[in-house]
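Visitor: This is what each chain is made of:
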Amino acid sequence: MPANSWTRHHILSLADFTNCEYDTVLRTAASFQEVLSRRTKKVPTLQGQVVANLFFEPSTRTRSSFELAAKRLSADTLNFTSATSSITKGETILDTAKTYLAMGTDIMVIRHREAGVPSAIASEMDRLGVKVSVLNAGDGQHEHPSQALLDLFTLCTLLDPAHPRLELLKDKKIAIVGDILHSRVARSNIWSLTATGAEVHLAAPPTLLPKLFADYGKNRPGKLFLHWQLEPALENADFVMTLRLQKERMSANLLPSGREYHRLFGITRSRLQRLCKPHVKVLHPGPVNRGVEISSDLMDDPEFSLIQTQVTSGVAVRMALLYLIGSGKTA
Amino acid sequence: MPANSWTRHHILSLADFTNCEYDTVLRTAASFQEVLSRRTKKVPTLQGQVVANLFFEPSTRTRSSFELAAKRLSADTLNFTSATSSITKGETILDTAKTYLAMGTDIMVIRHREAGVPSAIASEMDRLGVKVSVLNAGDGQHEHPSQALLDLFTLCTLLDPAHPRLELLKDKKIAIVGDILHSRVARSNIWSLTATGAEVHLAAPPTLLPKLFADYGKNRPGKLFLHWQLEPALENADFVMTLRLQKERMSANLLPSGREYHRLFGITRSRLQRLCKPHVKVLHPGPVNRGVEISSDLMDDPEFSLIQTQVTSGVAVRMALLYLIGSGKTA
Amino acid sequence: MPANSWTRHHILSLADFTNCEYDTVLRTAASFQEVLSRRTKKVPTLQGQVVANLFFEPSTRTRSSFELAAKRLSADTLNFTSATSSITKGETILDTAKTYLAMGTDIMVIRHREAGVPSAIASEMDRLGVKVSVLNAGDGQHEHPSQALLDLFTLCTLLDPAHPRLELLKDKKIAIVGDILHSRVARSNIWSLTATGAEVHLAAPPTLLPKLFADYGKNRPGKLFLHWQLEPALENADFVMTLRLQKERMSANLLPSGREYHRLFGITRSRLQRLCKPHVKVLHPGPVNRGVEISSDLMDDPEFSLIQTQVTSGVAVRMALLYLIGSGKTA
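Protein chains in written order, with this note's numbering: chain A, 1 to 331; chain B, 1 to 331; chain C, 1 to 331.
The hints are simulated quantities; they were obtained by calculation from the structure and are not laboratory data. Be aware that one or more of the hints could be misleading.
[Unchecked claim] Derived coverage of chain B by chain C (criterion: at least 3 residues anywhere in the stretch with Cβ under 8 Å from a Cβ of chain C; other residues may be distant):
#1 64 to 72
#2 170 to 179
#3 203 to 213
#4 312 to 322
For clarity, every value in this text was computed on a predicted model and none was experimentally measured. Note that the Cβ used here is the ideal one computed from N, Cα and C, for glycine as well.
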């Protein structure tokens with residue numbers, strides 16, 4: 001495994017990821033993808049290590065994906081969800097993390113409703129001089145690095161399954177459509193996609209895409225464009241990334257209704273065929289509100305939809321991330 | 001293991017189970033029962049495979065039994081319960097299943113409040129051309145195949161521990177007592193027991209046993225009888241299967257009170273001794289409402305009660321089922 | 001491993017623990033502590049055995065600690081919490097335990113809101129003549145043996161890391177401060193610490209420390225003292241054990257407010273430096289109400305606080321307990 005050059009100890013944000021790091025993640029994930037195609041889909045890499053999933057915000061798919069990735073690396077896993085936690089007993093989040101540290105956790109996978117929590121825990125771990133690694137599994141509206149990396153892996157393996165690499169996306173046109181303002185997935189994807197040299201086009205209603213998002217594109221290899229209508233973002237697009245609409249926000253009048261949203265920004269087969277490149281593909285981090293972000297039939301159409309591939313990529317990419325930050329301890 | 005002849009890919013219903021299939025399950029479960037008597041109760045059969053327990057309806061014993069069966073076959077397990085799910089986020093059940101499929105699940109064990117959900121998921125998996133197997137762990141009032149198979153195994157191993165087989169129950173009289181109308185356990189048991197050539201006697205208050213249940217006995221090797229009183233069902237019975245009474249239904253006036261039910265249909269030592277064969281045994285799928293379906297002392301009397309044996313059988317039978325549907329992938 | 005002399009089958013209370021038993025636990029835990037310092041922190045000791053965590057009262061740290069201890073001994077684990085249980089369906093706690101027994105559980109780790117539940121289950125298991133062991137993980141206000149044993153291990157390893165043993169605490173002064181009346185941790189610690197020959201000083205407001213606690217000190221090697229003020233307990237103390245204050249009890253006016261409690265009984269750096277021995281250390285079973293039982297800065301000060309060490313000790317001590325009661329079955 002090509003991990004010798006890996007030095008990053010925590011994975012908290014993609015804002016400062018180097019191209020070399022992206023390529024190492026892609027290459028390592030590809031090698032694990034190969035492991036997953038074997039009959040026995042396990043490797044002993046992290047045997048005897050403990051991966052604790054500390055999910056202060058509930059999640060099905062991300063938690064299961066990390067849990068499975070850890071088990072396939074032969075790690076022991078501990079699951080913590082706030083429903084059964086000491087948080088209600090007055091313990092701070094940092095105290096909870098320190099407790100799992102003291103039990104012998106090697107890697108903490110942390111999700112929290114508030115931006116910055118995984119970073120704060122990582123800083124405290126570094127201050128304490130301990131070896132534990134922190135992996136941000138989604139913090140508020142800040143970042144969701146493993147989601148963006150699995151999206152990147154999904155796109156790159158589509159273009160070259162054996163050798164996924166950043167340069168494959170150079171000059172591709174990629175649209176990101178939806179509630180960009182509130183999306184940690186969008187922020188992480190903007191970092192990774194503008195690193196590739198792609199043209200990244202954001203499209204959303206004005207309330208969900210403030211002009212200051214243009215700042216994300218400054219001094220990046222790729223170019224970033226903002227649109228308050230769908231059409232210009234889709235025109236000649238190679239890939240369309242859709243984002244989940246939080247229904248809670250609709251009821252608070254921050255969003256139009258699901259039906260209205262779908263009329264203006266919903267991705268349908270006819271829109272793709274009319275506007276995009278012929279072999280355009282659609283992504284969504286899930287869970288999808290069928291008929292809102294994407295029309296229901298398009299979502300299930302393997303000619304256009306990469307949604308299932310994203311989930312599969314997720315296990316391989318998370319194995320790669322756990323391996324890369326965990327290998328310093330095992331190698 | 002005698003699995004060479006096994007071709008069934010999903011286990012959804014016992015309605016079309018063949019006698020050969022019943023006997024293969026019984027024989028395979030007996031061999032795992034032997035494994036469970038060893039000091040190290042594990043076999044490497046399903047190493048590297050993933051068994052996902054998708055429980056859209058909460059359950060303690062069935063989920064733990066499947067989880068333990070999977071672990072003893074060395075599979076990795078993922079637990080999903082609707083309390084921590086994306087269902088509330090607007091994702092469909094099918095989308096959840098597809099997500100677990102995409103992660104690399106080999107066998108899905110599915111429980112749902114509504115009849116037909118496991119079958120619908122299995123059909124979709126077949127339509128997609130994927131290898132994943134679906135095991136129905138209880139769907140609404142439809143079926144609960146693994147419960148009926150463990151009941152069958154419990155009865156047959158009692159009669160011949162080394163060679164449990166269907167023909168052992170030929171001409172036995174078996175009573176099924178309780179809320180038959182609403183019971184998926186009863187329906188699955190009617191299929192399996194009428195396959196054996198046994199006489200199956202259903203007994204319940206008229207509101208809980210409509211006449212159309214007689215149709216289940218048509219063209220079956222065994223005979224099916226309906227009774228709206230307890231006594232004729234118990235007379236000369238070899239085995240008495242009791243069913244759980246849902247207290248929610250009592251409050252809705254669909255059932256008499258627990259006390260009234262017990263007076264009319266409750267199984268007590270004196271009733272067994274007065275009416276049944278001398279060595280009669282009582283079964284219950286659990287959890288029992290003590291003093292309602294069965295008198296509390298009878299439940300704890302190993303001379304009459306097979307309830308603990310049923311739980312033990314459950315692990316061996318579920319190991320057999322996971323092995324049989326999983327072995328096509330490993331062999 | 002020095003387990004040949006171990007005969008205790010259940011661990012329910014420390015009231016009748018012998019000095020030989022304490023020393024065996026300390027010695028065994030020290031050997032597992034060594035295992036935990038290796039790169040691969042697992043041993044195959046309990047492979048193929050099943051440890052079921054039956055938590056009828058929610059807990060994060062204790063459940064995770066037992067789960068990790070079991071996994072590091074290579075046992076399979078099952079987690080049961082009352083939220084997803086049959087208890088609501090009318091099943092008794094004993095029926096739940098018997099179900100897990102029948103599934104093949106080897107060791108049951110039981111926590112319950114009511115005192116005596118683990119003992120009642122253990123008695124029933126013995127009456128049934130089965131080999132399953134019961135480990136009390138906290139029962140009401142009665143006992144929490146594994147917590148007191150990890151506290152003991154923490155103190156003894158501080159004094160002699162290689163050879164922790166009971167006699168190291170002889171003539172030490174140990175203060176236990178807080179809501180002693182309602183604390184199972186306090187009761188178990190009183191048993192273990194008075195076994196060592198230490199001077200044990202209890203300090204609490206009068207409502208939380210009835211005089212009858214003096215009875216715990218009768219006929220014990222160590223001496224037990226009661227104080228209704230903090231100062232005399234802290235004077236020349238070698239160790240200060242603090243207890244968690246249940247905020248629920250404050251609102252019921254059984255306790256003063258958190259602020260008032262902290263003023264009278266809170267442990268601060270200045271109080272320690274003014275009153276205790278120079279190298280005094282502070283313990284707390286967690287989770288801590290920062291600024292109530294202990295000042296926030298003191299809690300994080302490794303010069304004084306043993307709180308993280310306690311958590312680490314917890315895994316080693318629980319491995320030792322599971323090993324000692326489980327080894328009869330594997331050896």
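Visitor: Take the hints in turn and mark each one as holding or not.
Guide: Taking the hints in turn, this is what the structure says about them:
Coverage of the stretch 64 to 72 of chain B by chain C holds in this model, with 6 residues showing a Cβ closer than 8 Å to a Cβ of that chain against a need of three. Coverage of the stretch 170 to 179 of chain B by chain C is violated in this model, with 0 residues showing a Cβ closer than 8 Å to a Cβ of that chain against a need of three. Coverage of the stretch 203 to 213 of chain B by chain C is violated [criterion: at least 3 residues with CB-CB distance below 8 Å; count 0]. Counting residues of the stretch 312 to 322 of chain B whose C-beta lies closer than 8 Å to any C-beta of chain C gives 3; at least three are required, and the coverage claim holds.
Checked against the numbered hints above, the structure breaks hints 2, 3 and satisfies the rest.
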